[in-house]
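Peer 1: For reference, the chains in residue letters:
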Amino acid sequence: MLQETSTLSGNKKITKKLSEPQYKPKKKRFYTSLPFWFILPTILVVLVVQVYPAVYTAWLSFQERTPQGWENVGFHNYERLVQTPVFQESIGHTLIFLIGYTATTLVAGFFIASLLKQHVGSTGIFVTFLFIPWIIADIVVGLMFRLLVTPTYGLLTPVLGNPELFPPSGISVLTGIRPTPWISGFPFPPAPALIYLIIAASWRALPFVTLLILAALQTVPSEVLESARIDGASGLQIVRDITIPLIMPAMVVCLFTLILGSMNGVGMVFSLTGGGPGTSTYLLSYFLYILGWRQLNFGRAAALALLITAVNWVLIFLILRITRVNERSR
Amino acid sequence: MGNLFSNSNGKLQLNLSRLAINRIISFTLIIITLITMIPVITTIVTSFKEQADITRDPPIFFPCDTDERVFDIRECRWAVEGYERVLGFQQSDTALLGFELTGRMVRRYIPNTIIYALGSAVFVTILAGFSGYAFSRYKFKGHKALLVGIFAVTGVPLLTNMMAIYQMSIVLRRTWNEIIANVQFINLPSYDDRLFLIFVYIGFFLPIGVWIAKGFFDAIPRELEESAMVEGCTPIGALIRVTMPLSAPGLSAVFLLTFVNIWNEFIVAYLLITRTEYKPAMVGLYDFLSQNLINLQVLAAVCLIIATPILILFLLFRRSFLRAMVEGAIKG
Chain G
1 MLQETSTLSG NKKITKKLSE PQYKPKKKRF YTSLPFWFIL PTILVVLVVQ
51 VYPAVYTAWL SFQERTPQGW ENVGFHNYER LVQTPVFQES IGHTLIFLIG
101 YTATTLVAGF FIASLLKQHV GSTGIFVTFL FIPWIIADIV VGLMFRLLVT
151 PTYGLLTPVL GNPELFPPSG ISVLTGIRPT PWISGFPFPP APALIYLIIA
201 ASWRALPFVT LLILAALQTV PSEVLESARI DGASGLQIVR DITIPLIMPA
251 MVVCLFTLIL GSMNGVGMVF SLTGGGPGTS TYLLSYFLYI LGWRQLNFGR
301 AAALALLITA VNWVLIFLIL RITRVNERSR
Chain L
1 MGNLFSNSNG KLQLNLSRLA INRIISFTLI IITLITMIPV ITTIVTSFKE
51 QADITRDPPI FFPCDTDERV FDIRECRWAV EGYERVLGFQ QSDTALLGFE
101 LTGRMVRRYI PNTIIYALGS AVFVTILAGF SGYAFSRYKF KGHKALLVGI
151 FAVTGVPLLT NMMAIYQMSI VLRRTWNEII ANVQFINLPS YDDRLFLIFV
201 YIGFFLPIGV WIAKGFFDAI PRELEESAMV EGCTPIGALI RVTMPLSAPG
251 LSAVFLLTFV NIWNEFIVAY LLITRTEYKP AMVGLYDFLS QNLINLQVLA
301 AVCLIIATPI LILFLLFRRS FLRAMVEGAI KG
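Keeping their order, the protein sequence lines are chains G and L.
289 is the number that the working numbering gives to position 289 of the first sequence; each next residue is one higher, with no gaps.
77 is the number that the working numbering gives to position 77 of the second sequence; each next residue is one higher, with no gaps.
Isolated chain L, as found in the complex (with noise of 0.2 Å):
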């Protein structure tokens, strides 16, 4: 009996020390957590700012001093300038909201990145959802030798494959054009860099694709399939009803991380795309740079609104994301 209670008297003890312990470590996370934040954070009260109070010597943190205080929170000076003219808000009666969009921004550069990001990762998804399957359930000549070389011309750089992209793009450009020139009789759309762009980001996606869709698939047991043959199925009824359904939440990995990738992509656009008004957001967020050296305002507001999408589609995909891009990470 005496035992006993020493024992738990013991063990309550040791839960105190812990409960100690706990508390420090989550305090030093958030503290962490908060350390980290602070480029945000600060890009966040940037972009809130007016011109008036970006260009002061020495620069203020927040814009509430006055004449007799250094932080009056009543006096804030919060401005949505930045926004404003990235946005370019404007007063229209004839629009559906009484106001609309007018911003280079909003208007061309972000739906053009949604349309690449969009149709590449489509494309990515079902090419590697296929051939993940294919590498995942039969062993064929040359099975590894393709599976590795999948994996090794993951190791060029972007930039060595754009030398000739670029060439590629401009020898494509060039041919079309003759062919307008030389064809009368049916009227051809002019030549579009949107269709290559989106062609180039399938190609530099799709094995990182191809790779994670394999692994989902190894972990989906052989043995669903096989029983559904043996009641009668075809391989291609067993795929569509059994291996589809389960593999659904690999498959959208695939999705996610290929759109976050080329939604962030900027390298490739920036040489492909000669037209402005296919530009996707990161190279107009680069001429934005170029134009607003000053206007940290602008800078921070076109930050934050190109950020904001993929932050919302991580707060809701969490999970499928973190798995993905570890996944993804480890073998691009």
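The shape of chain G in the complex, shown without the other chains (with noise of 0.2 Å):
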């Protein structure tokens, strides 16, 4: 009888009174403190190498080194790193490589995930083979891509160096240089090699993209694409007013997840490009480990380390919106 109260109402004062009374008092002070140890080498772990070398960085950011140690300077690196002109182009890389990578990963996994929920029968084969680039890891996608057009020995090489093909003297991916561009200050039309990474990037993410879509195809109810059926929509309007509407949270969500994923890795511009020509190939997270490491300017990369992070951080906010958004109005 007790046994069936508590598990029909769920309820958890209920069932915390009825079994209190089992343990003796200095073993159910123990009980109630469980949860603190269960949770407390995590909480350390994570301080000692996420917490506080985040708060380290906030402070070098406001420092320089000197002969005598470290000397506050104020605001003076975030001066010195704005107006570095290769951190400006490396902005306008990051966005012509954001904009280009989501935008075709979205595109192409929406088209991928709408065949594959169409289609009838098993597509297990096919989630297979497809997810294969997604566990690649970057800097070995990189090095394969790489191969394609190594100068004079690729198998693409002899193609994309085709005059005919690509006027004016066909294109060399590791080694053409930016072409002027139109805006002075904005890195546009980009170097051919920042093109190929991004579609060496948006080969690694196609698997993860689509499947993320296709699990939201999946939740979109079939009898409101059938009445919108019946009501004699064509197909074209019940993707654009039914489907894409109902999946634009998942959407969303993969978006942000995308931008923060290539904010933060460096492996594939290490091995396919390695910043290079020139520096045609910097994004922000490799600038910042050649301002930290190559050049041994730790104040101003963490700097641009807290603003990136600034940036990552109201994504995951607005991811955390959405989301929480989505579940309420399931």
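Hints are not guaranteed to be accurate.
Unchecked claim - Okay, the calculated beta carbon distance ranges per label pair: (1) G/E79 / L/E100: 55 to 65 Å; (2) L/V45 / G/H119: 28 to 38 Å; (3) L/A95 / G/I99: 53 to 63 Å; (4) G/R240 / L/V70: 40 to 50 Å; (5) G/P158 / L/I21: 31 to 41 Å.
The set of hints was computed from the structure by calculation and includes no laboratory data.
All residues carry an ideal CB built from backbone N, CA and C; glycine is no exception.
Using the supplied hints, reconstruct the complex from the two chains, each of which is provided in its own coordinate frame.
Peer 2: Quick look at the structure:
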């Protein structure tokens, strides 16, 4: 009887009262502090490896190294960072990269996901093969794509270098410099290497996007689509007016996740282009590496790191808001 | 009767057109899958070429051309030169199978990676299991703040944290060496980069693990535990006998995800590991890149050797992989 009330109501207060008298007072104190002991190690590790370093970096961004040690210089590091031409360039590259990368993966992902959803019968084999790029390390993907365009010996090099296909003089991915920008200060059109980097990154992220959109598509109730079809809506209308609005929250979450991932990853730039030719594939994260570990400019690197963190946090906040709205509407 | 007939007829026609559409969809999917596989296929083909066929201008896709014909399947010059150079294949009388592999990649880098990935993944799974359970089952002061806090720290870019962690590793090494110099009565082991690296990995991949584990625990009905406790189990007994077995798939997903993420991780190890013999496979790969700019078959072989173990893992545990990766990516 007692058990029945607890399972049926599922009310925490009642069950707590039921189970309480079974322990002696001393044990009870142990059990109420149990979650604390469960969480403590995690909190400690996260404090040492994530929180303290972040705080230290924030402190570092206001310091400059002098022969006597660190010296507080206020916002000087930020000022110097913003004045660096490579920084402005990197923002441009990052923006171009993000737009190209997210647009390619979302459009292609939506297309493939709709195909998979329409497909009757087993899709497991397609999902398995399509998913392989996502589990290959980004540095390996970069290297695999680099092999294709290695000067002279790469399989794609003669095709891309053919002046008839790509006037005026063909494309050389790893050495082609950036054309003169249309607007001064903004690196558009980008160097071929940046476009190739976008292709490689999209290739790796596509399976993930496809899978997320497929999961979202499967939550669209088929009755709604059916009734729209009966009312005489065309296929395009259904996609535009019903499917896309319904899966919009998933698409937005996907978009932000993609941006977050590409803002933080550097492996592909390392192995595919190494930032070059010149500085034409410097993304912000790679520029951070160069500033911090090649030029040993810790103050300015910390300032840049904080700026990237701020952008990330805004994105995460938006993800949390959107997923919460999503859960509530269900 | 006539009504029924036309009905079934109509349905048959519908099915037929549906079948045709499905054929088209299948065909398109096959084409897309093939296009997706192009970089992988070219890497595999490249890895089996000889040096002479790699450095040809213009390059050829299949090393199968002869003087008379462009493609002759009997004249293909497949070679395992690339693999030989990576594995360092050598005949040896003392070895168990009559040969031994002397390449650095298989002797040092890949075993290192396995140690790092296994060690960190085990700790991450245990810690994430306990704290995920606590977050899922108990309400306490600061519950939500802690959860959001753990979520927020994942938003700090890896390189931001690395600035401080890099300094920490330098300070640690210096302090340890001083201790060794001053303490004479016991033999202390010399400073080991690897322990610190594993610790850093645990910290980096724990937050995502906690979130995934909490999600899995949330899906296990609380009533099961409660009825076990009413029957006389202690809370820990209920956790071990009821909840743990039920959460095994979820925790193994956390383990797999962490393992793969650390296997594929590059920049942290690149910055923290200073000694060549402690390098993991991804850092070793980067060294190969700078040493073999023209030996494309060696590079391709390295890529495949590194990617294959993860690929096999993926094929074996496809289902829990897909779930954990999507969930981890959304929350991470």
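Peer 1: Does each hint hold? Answer for all of them.
Peer 2: Status of each hint after checking the structure:
Here the CB-CB span from G/E79 to L/E100 is close to 59 Å, well matched to the stated 55 to 65 Å. Judged by the Cβ atoms, the range 28 to 38 Å given for L/V45 and G/H119 holds: they are separated by roughly 30 Å. At roughly 55 Å, the beta-carbon separation of L/A95 and G/I99 lies within the given 53 to 63 Å, and the hint holds. Checked against the hint of 40 to 50 Å, the pair G/R240 and L/V70 passes, with Cβ atoms roughly 48 Å apart.
In this structure, G/P158 and L/I21 meet the distance hint of 31 to 41 Å, their C-beta atoms being roughly 39 Å apart.
Hint check: no violations occur; every hint is consistent with the structure.
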